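J.: Kindly generate the complete structure, drawing on both the sequences and the hints.
There are 2 protein chains.
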Amino acid sequence: MAPRTATAPDRLPSHPEPADIRLEAVLHACADPMRLRIIQALAADATPSCGEIGLACSKSTATYHFRVLREAGVITQHYQGTAKVNQLRRDDLNAIFPGLLDTLLASAAAQSGRTTET
Amino acid sequence: MAPRTATAPDRLPSHPEPADIRLEAVLHACADPMRLRIIQALAADATPSCGEIGLACSKSTATYHFRVLREAGVITQHYQGTAKVNQLRRDDLNAIFPGLLDTLLASAAAQSGRTTET
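Just so you know, the protein sequences line up as chains S and E, in that order.
When we follow the working numbering, the leftmost residue of the first sequence carries the number 1, and every step to the right adds one.
When we follow the working numbering, the leftmost residue of the second sequence carries the number 1, and every step to the right adds one.
Partner residues aside, some chain S positions facing chain E, computed with beta carbon under 8 angstroms:
1. 24
2. 27
3. 28
4. 36
5. 99
6. 103
7. 107
8. 108
9. 111
A short list of chain S residues far from chain E (calculated; beta carbon distances all over 10 angstroms):
10. 13
11. 44
12. 53
13. 83
14. 90
Label pairs and their calculated CB-CB ranges:
15. E:80 <-> S:61: 40 to 48 angstroms
16. E:106 <-> S:54: 29 to 37 angstroms
17. S:102 <-> E:43: 16 to 24 angstroms
It is worth saying that the hints were derived from the structure and are not from the lab.
In this text the structure is predicted, and so the values were computed from the model without any measurement.
All C-beta atoms in this analysis are idealised placements derived from N, C-alpha and C, irrespective of residue type, glycine included.
T.: Shown next as structure tokens:
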């Protein structure tokens, strides 16, 4: 197996500044069952890597969903060694849209509960 | 000008049952600046017709946006004579996703205020 390349600074993904986070982009990022699941997993465990969130999709699809969340300002992604670690931007989101993230998480939980009941 | 045709029962638009309203669809419906504006207008005035919400777009585009909101379960549309009247599904949404609509409205207001400041 070939050795994995070292993490170069230019591989660090870019993130929107808090002032550039738009509500429409946040809602679009959350308007997908897989991305909702990612947000729920990040809310339950502060810093899982992409691989630690068991998503039923290909790696490239998972990478795409994480990127949508990052570009919308919902999560940060940074490298720890060769692993990409994801975190919810709780403080930024709460400062810009107070209560939105918690309400989205509660709504997702309510829907999960409703789906389980039926 | 040709007379407008009468409202036939089969022209009544369909609406999802509360049990069929999905969070992803609600968020997608709200993830658009024009549709956010419609929701804000409906929150401020209970039952405006499509024409009473001054949207800077063509009639067909406005019709499309109202349809997205209706099919997601965010609004109801019904005819009063020949006018299509729109209403937020406040009670249904609050029962399914408590606090979501108010938080979305507050977030949209926060963003409008932020945009005005800059």
